[in-house]
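Protein chains in written order, with the working numbering: chain F, 13 to 399; chain Z, 13 to 399.
Warning: the hint list may mix true and false statements.
Just so you know, same-sequence chains aren't split out, so a pair can sit in one copy or run between any two.
[Said to hold, decoys possible] Using 20 Å as the maximum straight-line C-alpha spacing, the simulated SDA-like pairs for lysine to any residue come out as follows: (1) 107 <-> 74; (2) 35 <-> 162; (3) 17 <-> 69.
I should point out that these hints are in silico values taken from the structure, not numbers from a laboratory.
Owing to the predicted nature of the structure, the values given are computational and were not obtained by experimental measurement.
If you want the building blocks of each chain, they are given just below.
Number of protein chains: 2
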Amino acid sequence: MQRIKGGICAIDGVRACGVRAGKYGLALIAASGTAAGMFTTNRVKAAPLAVTAEHLAKGHLDGIIANSGCANAYTGPQGVEDARMMASLLAGFLKSDEERIAVASTGVIGRYMDMDIIGRLFEEARGRLRSDGEAGLEAERAIMTTDTREKEVAVEHQGLRVAGIVKGAGMIEPNMATMLCFLFTDADFSPEVLKSCLADAVRDSFNMLTVDGDTSTNDIVLLTATGRAQGRIEDFQQALRYVCVDLARQMARDGEGASKFFETLVTGARNEADARLAAKAVAKSSLVKTAVYGADPNWGRIICAVGYSGAEMNPDLVTLGLEGSGLKVDLVWKGRIAEEVLDKAREIMSGEEIIINIDLGLGMGSARSFGCDLTHEYVNVNANYTT
Amino acid sequence: MQRIKGGICAIDGVRACGVRAGKYGLALIAASGTAAGMFTTNRVKAAPLAVTAEHLAKGHLDGIIANSGCANAYTGPQGVEDARMMASLLAGFLKSDEERIAVASTGVIGRYMDMDIIGRLFEEARGRLRSDGEAGLEAERAIMTTDTREKEVAVEHQGLRVAGIVKGAGMIEPNMATMLCFLFTDADFSPEVLKSCLADAVRDSFNMLTVDGDTSTNDIVLLTATGRAQGRIEDFQQALRYVCVDLARQMARDGEGASKFFETLVTGARNEADARLAAKAVAKSSLVKTAVYGADPNWGRIICAVGYSGAEMNPDLVTLGLEGSGLKVDLVWKGRIAEEVLDKAREIMSGEEIIINIDLGLGMGSARSFGCDLTHEYVNVNANYTT
Numbered sequence: 013m014q015r016i017k018g019g020i021c022a023i024d025g026v027r028a029c030g031v032r033a034g035k036y037g038l039a040l041i042a043a044s045g046t047a048a049g050m051f052t053t054n055r056v057k058a059a060p061l062a063v064t065a066e067h068l069a070k071g072h073l074d075g076i077i078a079n080s081g082c083a084n085a086y087t088g089p090q091g092v093e094d095a096r097m098m099a100s101l102l103a104g105f106l107k108s109d110e111e112r113i114a115v116a117s118t119g120v121i122g123r124y125m126d127m128d129i130i131g132r133l134f135e136e137a138r139g140r141l142r143s144d145g146e147a148g149l150e151a152e153r154a155i156m157t158t159d160t161r162e163k164e165v166a167v168e169h170q171g172l173r174v175a176g177i178v179k180g181a182g183m184i185e186p187n188m189a190t191m192l193c194f195l196f197t198d199a200d201f202s203p204e205v206l207k208s209c210l211a212d213a214v215r216d217s218f219n220m221l222t223v224d225g226d227t228s229t230n231d232i233v234l235l236t237a238t239g240r241a242q243g244r245i246e247d248f249q250q251a252l253r254y255v256c257v258d259l260a261r262q263m264a265r266d267g268e269g270a271s272k273f274f275e276t277l278v279t280g281a282r283n284e285a286d287a288r289l290a291a292k293a294v295a296k297s298s299l300v301k302t303a304v305y306g307a308d309p310n311w312g313r314i315i316c317a318v319g320y321s322g323a324e325m326n327p328d329l330v331t332l333g334l335e336g337s338g339l340k341v342d343l344v345w346k347g348r349i350a351e352e353v354l355d356k357a358r359e360i361m362s363g364e365e366i367i368i369n370i371d372l373g374l375g376m377g378s379a380r381s382f383g384c385d386l387t388h389e390y391v392n393v394n395a396n397y398t399t
Numbered sequence: 013m014q015r016i017k018g019g020i021c022a023i024d025g026v027r028a029c030g031v032r033a034g035k036y037g038l039a040l041i042a043a044s045g046t047a048a049g050m051f052t053t054n055r056v057k058a059a060p061l062a063v064t065a066e067h068l069a070k071g072h073l074d075g076i077i078a079n080s081g082c083a084n085a086y087t088g089p090q091g092v093e094d095a096r097m098m099a100s101l102l103a104g105f106l107k108s109d110e111e112r113i114a115v116a117s118t119g120v121i122g123r124y125m126d127m128d129i130i131g132r133l134f135e136e137a138r139g140r141l142r143s144d145g146e147a148g149l150e151a152e153r154a155i156m157t158t159d160t161r162e163k164e165v166a167v168e169h170q171g172l173r174v175a176g177i178v179k180g181a182g183m184i185e186p187n188m189a190t191m192l193c194f195l196f197t198d199a200d201f202s203p204e205v206l207k208s209c210l211a212d213a214v215r216d217s218f219n220m221l222t223v224d225g226d227t228s229t230n231d232i233v234l235l236t237a238t239g240r241a242q243g244r245i246e247d248f249q250q251a252l253r254y255v256c257v258d259l260a261r262q263m264a265r266d267g268e269g270a271s272k273f274f275e276t277l278v279t280g281a282r283n284e285a286d287a288r289l290a291a292k293a294v295a296k297s298s299l300v301k302t303a304v305y306g307a308d309p310n311w312g313r314i315i316c317a318v319g320y321s322g323a324e325m326n327p328d329l330v331t332l333g334l335e336g337s338g339l340k341v342d343l344v345w346k347g348r349i350a351e352e353v354l355d356k357a358r359e360i361m362s363g364e365e366i367i368i369n370i371d372l373g374l375g376m377g378s379a380r381s382f383g384c385d386l387t388h389e390y391v392n393v394n395a396n397y398t399t
């Protein structure tokens, strides 16, 4: 796996651009090929998701139009009409069909889109579509909200390229930790293969990421394959998983108000489902998150989170350790407490990146989750917004 | 339902006392009668819970010994031995049997009990057992940790009395939001009746309460019936439910770092299980909790939490309103947004007690949850503790 430069425009056939005006931003991405997508599991789904899901049914996209500033969620028939209008704007310019355009939005819930602004931004943006290394970042910046840095990655693996940009987790309005992720590859696979590989990659990456445990109405992940290169499915799948995990890590590092990043690796679970439950419970626990913020090696909180996760566990078999800042310690070894390592543990917890290793000692199931600390700044970001 | 004075000692046959020494505190309660209990669902269960569950199997208690300062959790065979020793201390003094004593602990996980301190505190406490109105509060104070106020209630209803004290949600070490709740009644019912009434009351009160979503290793609720009065099961059940809901509200108001309290009433759910899911999701949402802290009528976050709760919902049928500070407004009416009421909504959200009303418009299921805001102080309390 080789990391390469250029972001999403490192993929042959991808052009991008973005513009902003006040709270609104608009990103355009042109890329023709087979496509697949995944959407929020929230029962309240934003209008652009409904429109995009319908368009994706045919398995082919020519481009993506995405905005920040308004989520176009809880907006009824008007919202659907506005989302279709956005698709038709880009379709017209690309001489494509509205049904081959995906639409994504992030912003306030329960407000109608300001289509005048969208129209003006579109006029400004369309002439900027290009494939240089800056173009992907420009698109990214147009849809960023409380994100503090651009998040992109591109890799080459066995003759195939995969790249992506992601916005999230964190929005000024209404702070839903909305994730918009646009992935591209030059591989040549059917929509069905893309869909299956995407589901696999998302399961081990974005689905194991938690910032505040809330699930947005607008989450969307799209994958377009321009088909300009040939390669094996296994290699593509590996590269796609690498890209998604890398983006998930970047998102956790950039979580709302986050000052520190931690991964929880659960091994020895009865099965993989149990490992996922345990790893996610630790990443989600407000008590673990504040302990990470306070650099406190409070393994009791970690064990406690595993205990209520729903995963099978026997406290007498658990081994729990911390890793980071070049150090590694076991705090609990098969249920026995090792108090003498607390100083080292404190040093690890003071670092900016921490790995929590938990071996349940029961079976072969393993899973990894991605999380960030819960800070004063998180409360600031989310309490000081007014509807 | 009539609220009465005297706390748990308003129940004929109950004596109590408490003492403190540094981080440790010890409460003793003498009360003979049929008994029932409920315990944490965490797979890591503290030693005193195992011992108490065993003792409760016979359905009769003569007293309770409870300490703060050490959770006696994750302490293996030594922990069980220490819990038994605590039971035998009180049994000896009450001329009872170790198997008729309940034990409860709250404090740091993964540390052994300091039995010397427990012994000394016990010597000091036992002479203080009495039934005046201060005695219950003294017991309560002995097991309080980050609690900022005593929480007790006593009622009389159709000739029966029910009373309780509760500690939680919030501990200095390790901040597990551990709940210790001791309930008493002068009613005369079998352990089976007590158990069924307790399960019913807990389901609508403590199980609908969330401070940070973590489940402690030490949560325990005990109910002892001294049998000195006669009355109907229905009346007892009603009084018990009233007491538990009142204590749950007091706990939410006293949640770690909490500055505001909110209730979420879900009606019109497909069924009761769905109503519970929806109400709890709203109470648990970090985004709703920070919005309450920031006095932001951000109903999008509330709808979003219902959307991912797992409850069946149709956005077009939802009616959502806020109540408090003597005001009441609908923000969403059957899916239609009422923006003109935002000023009133802001005023309600500025109050210290807020009710969120959600009608899903689908069926007859209803449920109420209890929660508190997520504040800078919560992060302080939980980040600044060092193991």
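Here is what the structure says about each hint:
1. In the homo-oligomer, the alpha carbons of residue 107 and residue 74 lie at most 20 Å apart inside one protomer (9 Å), although the nearest pairing across protomers, at 83 Å, exceeds that limit.
2. When the C-alpha separation of residue 35 and residue 162 is checked against a cutoff of 20 Å, the pair qualifies only within one copy, where the shortest distance is 17 Å, while the shortest distance between copies is 47 Å.
3. Taking the shortest alpha-carbon separations for residue 17 and residue 69, neither the intra-copy value of 32 Å nor the inter-copy value of 67 Å comes in at or below 20 Å.
Comparing the model with each earlier hint shows a violation of hint 3 alone; every other hint is respected.
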